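Residue numbers (this note's numbering), protein chains in the order written: chain A, 1 to 377; chain B, 1 to 377.
Honestly, I wouldn't trust all of these hints.
With a straight-line Cα cutoff of 25 Å, these simulated PhoX-like cross-link-like pairs (lysine-lysine) come out [stated by the list, open to error]:
id, chain 1, residue 1, chain 2, residue 2
1, B, K340, A, K340
2, A, K368, B, K62
3, A, K62, B, K340
4, A, K340, A, K368
5, B, K62, A, K60
In short, the hints are calculated from the structure, not lab data. In this text, all values refer to a predicted model and were calculated from it rather than measured experimentally.
Protein chains: 2
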Amino acid sequence: MKKFVKATALVIMCSLLLTACGNLQDSGLSSGSSDSGKSTVQTASSSDTSSYDVLMSNGKYKTSSISGITAADNSNAFNSRSFESGLLNLSKKEFSTNSYVFQEGQVLSSSTVTDWLGRKSKKNPDGLNPASNGSKSETKRAPMYFQQMLEEDYLQKQDGKYKLAGISIGIAMNKIDYYQKKQYGATYQTTISREEQKAQGERIAKEVVKRLRKKSNVGNIPITVGLYSVAPEDTLVGGTYFQYSVSKSGDLGNWKELNFKNQVLPVVNNQTAINSGDSDAFANFKNNIQDYFPNLSGVTAQAHYDGNNLKSMDITINTQFDGLAQITSFTQFVQQSATKYLPSNADLDINIQTVDSQQSVVTRTNNKFYSHVFDAD
Amino acid sequence: MKKFVKATALVIMCSLLLTACGNLQDSGLSSGSSDSGKSTVQTASSSDTSSYDVLMSNGKYKTSSISGITAADNSNAFNSRSFESGLLNLSKKEFSTNSYVFQEGQVLSSSTVTDWLGRKSKKNPDGLNPASNGSKSETKRAPMYFQQMLEEDYLQKQDGKYKLAGISIGIAMNKIDYYQKKQYGATYQTTISREEQKAQGERIAKEVVKRLRKKSNVGNIPITVGLYSVAPEDTLVGGTYFQYSVSKSGDLGNWKELNFKNQVLPVVNNQTAINSGDSDAFANFKNNIQDYFPNLSGVTAQAHYDGNNLKSMDITINTQFDGLAQITSFTQFVQQSATKYLPSNADLDINIQTVDSQQSVVTRTNNKFYSHVFDAD
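Start from the sequences, fold in the hints, and give me the full structure.
Laid out in structure tokens, this is it:
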């Protein structure tokens with residue numbers, strides 16, 4: 001309740017400010033806008049101190065123009081969320097949620113990033129993927145290493161205006177590069193080792209920071225760069241960041257290794273569990289709920305690790321039933337079973353759904369459970 | 001936290017009991033089961049004192065065999081949830097959540113209820129819908145009044161066994177009866193007045209109670225009966241219970257009127273708002289979020305009233321975006337806007353979704369907000 005009151009107070013404050021003064025200027029980041037004289041700024045305040053407040057410029061949430069641009073095909077939809085959320089988490093190390101406000105990246109344009117993601121060539125001298133060596137062989141060609149790019153901006157208020165004060169850049173490196181030898185042809189793949197991901201990623205990061213520093217609105221502000229390994233198409237979980245570095249003002253500093261791992265439970269194909277205790281715990285949880293509610297079509301989890309420590313589990317339960325009484329009982333029972341069987345410190349995000357729609361949700365954040373049945377009537 | 005701890009304790013207690021004794025009997029309600037000697041009982045404990053604990057018999061959640069059986073066509077899916085949740089709420093007046101345990105109806109079989117829902121005829125003397133008068137005219141025919149039936153059982157522990165101690169019956173009465181004059185032909189409709197719903201519903205309820213009292217496992221326990229008016233097919237909200245009565249042991253007592261109303265906001269087709277203050281508040285909420293986030297495809301609400309008092313609002317927001325940062329900001333902003341604009345005492349259930357999937361949820365229950373972004377990565 002306290003946090004909610006705080007958020008409310010913030011909103012009321014913002015509104016009062018807007019009404020009383022009406023002349024808060026935006027930070028000038030939206031350089032294309034000619035009516036900057038009328039522009040106002042409001043933040044969407046987070047009710048949670050571990051999340052960023054968000055800057056809204058000219059009364060609108062501003063999206064980044066580079067989001068969704070990719071170099072090669074990859075149909076694994078889990079990547080996009082983890083690419084974003086991972087960079088947000090890395091950013092929190094450098095840009096505290098108390099003193100910075102978030103905005104989606106506004107510095108890089110889509111045409112710039114499209115060029116950077118391309119192969120280097122006479123027509124595209126800025127391309128950060130290697131020039132083609134002519135080969136179409138899976139093992140001999142020069143693969144597309146650099147798959148996607150993400151920019152996040154962090155702003156601080158200076159002299160009554162929000163100014164860009166930090167940037168985070170996500171660089172997504174392919175683990176498998178999917179390609180066609182001819183248009184509409186079969187898909188082939190080149191596997192890229194972690195060493196190559198690392199070497200190529202560091203080269204690209206260095207160049208990206210150099211180019212960013214040349215932009216007048218960037219100058220000497222800190223830039224955090226994370227290298228992300230894109231999960232292959234057949235993986236039922238997203239990729240992870242494997243190292244990051246901060247450039248305080250000039251070049252990038254030392255790279256720090258990250259040891260994040262994702263695993264789908266139950267493990268299949270004779271895969272080894274990252275932590276067999278967690279895997280057993282999940283199996284017990286799954287068996288318990290399937291014993292009492294036999295009409296389930298699937299119970300799977302995405303387990304997220306830092307090293308061998310389970311950080312969180314995203315569990316999806318597909319039911320064949322959707323009656324209110326049964327969903328309500330089932331949701332209660334899932335929470336009890338989670339309490340009893342699942343590792344006690346991991347955050348949980350349990351989605352209970354039918355083929356048609358979300359039925360209910362059970363979450364545990366910082367050891368506090370919450371459950372909700374969608375009860376539209 | 002306290003409630004959650006309580007629930008956990010209950011589960012552990014149950015498990016201990018089961019392990020230690022292993023001979024808890026079920027209540028004998030599942031009369032078809034021949035292995036009752038091995039049967040065990042467990043309840044799924046609610047973490048919320050305003051909800052029922054649920055009995056699981058023979059280690060399984062037991063569904064009612066009559067759920068989903070209907071007399072005539074009606075494609076309005078909103079009816080099924082409100083038919084169930086409304087009866088649960090009526091039951092709480094009679095069967096306290098502290099002293100009764102819930103089980104889906106086990107007394108009535110599907111063949112019995114199929115007969116009862118049919119027209120009375122030589123072949124079906126138990127039919128509770130009127131015999132056909134031969135006419136196929138919309139205004140002259142005898143319509144199907146009785147559309148659906150719901151049984152909910154309430155149990156209490158006596159001498160270490162759960163015994164049936166109360167029953168609630170929902171009787172769904174058509175407001176519009178949809179019918180075909182010939183198979184696969186056009187659909188015609190007969191409109192049924194509230195007076196007819198009331199008279200026919202009371203007749204049917206009286207007969208249902210009389211028949212239930214003849215069953216040996218029912219005998220003289222209290223039976224609550226609610227009459228429900230089924231919402232027509234083109235309504236974007238479910239129906240409501242319009243009156244209820246309790247039979248303590250013999251006949252039904254006086255009928256008590258209920259004044260529940262549902263309305264979809266924003267109102268369309270020159271409909272009058274049930275409460276123009278609420279309708280304006282919702283319009284302001286909707287405008288505010290659409291101003292800041294223009295890429296929304298729809299913002300609608302189901303407002304639930306008791307008389308002219310707004311009890312709750314179920315709001316659905318369809319977004320065209322699904323990036324994590326944007327969804328997170330939007331969710332924060334929706335909560336702020338709800339706090340600022342929406343009527344302060346109503347429970348809120350705000351679902352934020354794309355065409356593909358649920359993105360986040362904001363709820364307010366007893367004036368406490370909760371929000372959650374589905375963050376699978």
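Give me the numbers of the hints this structure contradicts, sorted from smallest to largest. Failing hints, ascending: 1, 2, 5.
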